[in-house]
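Work out the full structure: start from the sequences and follow the hints.
Each chain is listed here by its residues.
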Amino acid sequence: MTAPTDQQLIDFVIRETRLIDQHRFEEWLDLFAEDGFYWMPLEWGQTDPRLTTSLMYEDKLLLKIRVERLKGNRTFSQKPKSRCHHVLQTPQVDSRNEAANEYVTWTPMHYVETRLDQQDLYAAWATHTLAMVDGALKIKLKRVDIVNCDAAFGNIQLFM
Amino acid sequence: MARYRGNLEAIKGLVRETEVHRDVYIDEEVFQLEMEHVFANTWAYVGHDSQVAKPGDYYGTTIGTQPILMVRHTDNTVKVLHNRCPHKGTRITTESCGNTGKFFRCPYHAWSFKTDGSLLAIPLKKGYENTGVEQSHAGRGMSPVKHVHNYRGFVFAKLNDVGPGFEEFFGDSLSSFDNMVDRSPAGRLEVAGGVLRYMHNCNWKMLVENQTDTCHPMVAHESSAGTAIEVWKNAPPGAKKPMAVEIYAPFMAPYEFFENMGIRVWPNGHGHTGVHHSIHSDYSAVPGYFEKMAAAHGEERAKAILNENRHNTVYFPNIMIKGPIQLVRVFKPIAANKTLVESWTFRLVDAPDMLLERTLMYNRLINAPTSVVGHDDLEMYERAQEGLHVDANQWVNLQRLYDPSEVPDTTAVTNGTTEWQMRNQFRAWSKFMTMSM
Ligand code: FES
Ligand SMILES: [Fe+2]
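If you're matching them up, the sequences are chains A and B in order. Note that our numbering has the first sequence beginning at 49, numbered continuously upward. Note that our numbering has the second sequence beginning at 2, numbered continuously upward.
One thing to keep in mind: the hints can contain errors.
What the hints assert, rightly or not - Below are the DSS-like pairs computed for lysine-lysine, each with C-alpha atoms no more than 27 Å apart in a straight line:
#	chain 1	residue 1	chain 2	residue 2
1	A	186	B	241
2	B	339	A	129
3	A	112	B	242
4	A	119	B	242
5	B	241	A	188
6	A	188	B	234
7	A	129	A	119
8	A	108	A	129
9	B	242	B	304
10	A	127	B	234
11	A	119	A	108
12	B	234	A	108
13	A	186	B	234
14	A	112	B	241
15	A	112	B	234
16	B	241	A	108
17	A	119	B	234
18	B	293	B	241
19	A	127	B	339
20	B	242	A	186
21	A	188	B	242
22	B	242	A	108
Hints listed in this document are in silico derivations from the structure and should not be mistaken for laboratory results.
As structure tokens, then:
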């Protein structure tokens, strides 16, 4: 198996958020490994997703429920639909472990979610743990640390 | 121009037998009066004593819109103080929790106070000689809230002298707290996991009413719970149902399920759904838990405790607890159209970690700002907050399963889809709102 180049890791992360911004959620879901997780901690510097509460800690099944729900005819909180927009700094490759098939990137970002007249801005860092699976990069873990993770938010309906 | 202040008849006119006027949700003057009366004449939830385990530990919160703090005093009792410096008003603590040591020190001019609020020292004290400061508000230190009660770890306070005592106010409704605490083999709970805070652009009472609104889950949550069920149908045959699907699926239970679960009302606006069963009844057993419970309580008693699966217990005015999963939700009023929802979770001391894990999963799937179930509900509250501005109909209907012989302020068990508990809350609202006018 050929190891990904740094540029491939960077391109992957950039494309991942683009799929979200373009509402291509099923293609986005395909980027996750079968045992992949999306994690949005509630605590600053949180280490445990199980016995500390998170905003999100979701496997592929739960993510799929979200994606299906967004399309649902009776999903009233998406009538009208939310839109979103990511601005990323260039992802930085933090570690490459070819033997363990594990690559970690770190990406500071601003995320905007809008619905009706409301626009909310969040600042966050995304940490991607990626692996090569059947010749393609997949997400083992996408961790999103919101800068003010412990603030009281209104609805966050899409994906950072 | 004041329409409600000083107008007892106008306030009384807001609550009818089976409907309430929209001003209880949208009018800022009514909101202000609620803060002065409803939240002062009743026993408000402050926090859990495990948040202030050691002397000097404090936790800052609000009653209504007023800042208070709870602190473990040197004699090990829990005190509740108004969170302002008696000198010029500076809030004494801003971090939500911490340890202050033996005394509080105001960061502005360094007046200091013992942890029961009494004045300890003022720098350059001679400037106050012969000024009579001892007789002033300031000279008496931080004002304590006089009426404080710690019930099995849950701390409540009442700001006003008027209003019923603790036992009279809660009566038999405390059985829901009992069941939650009894589920610990050690008979003790601890705040654990972290609090989810979720901002709502709606009136606080919409959230309170929703807790016993059993005709909405299968409708409003079809999008989330219904989708979860649909997606799970594609699981490979024989796959073990994940905890998350066990949590989502019962929201789609049919009307009969909710009718048969029953609702119990208690005096003073308290009540609960799930008299006979609830959405929490069919969770998978957690290995090793029953054995611990049986060892602590005896098998009979352990079974009785665990077979009580109350759904939502509402304590007037603004909290809801879920005994079977150790969750407390606080609906904190900020303005007529703004409410902060805090969802607190607890560890059953001496029980397996998996119970806390499930509680936290429930909390983030249902009560987080990122929760799809939360999105379903908030959409409805916000639409109601807007829709109520229609002048053509100014009344909200609470008539479901109303019987003209319905006795106010009583204990009763009835059909699980009744709106009796909502009527019960508004009768209590009227009573405590006007009690000190
Ligand atoms: S305001 Fe607190 S010491 Fe002056
Ligand atoms: Fe709901």
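Self-check item: Unsatisfied constraints (hint numbers, rising)
Solution: none
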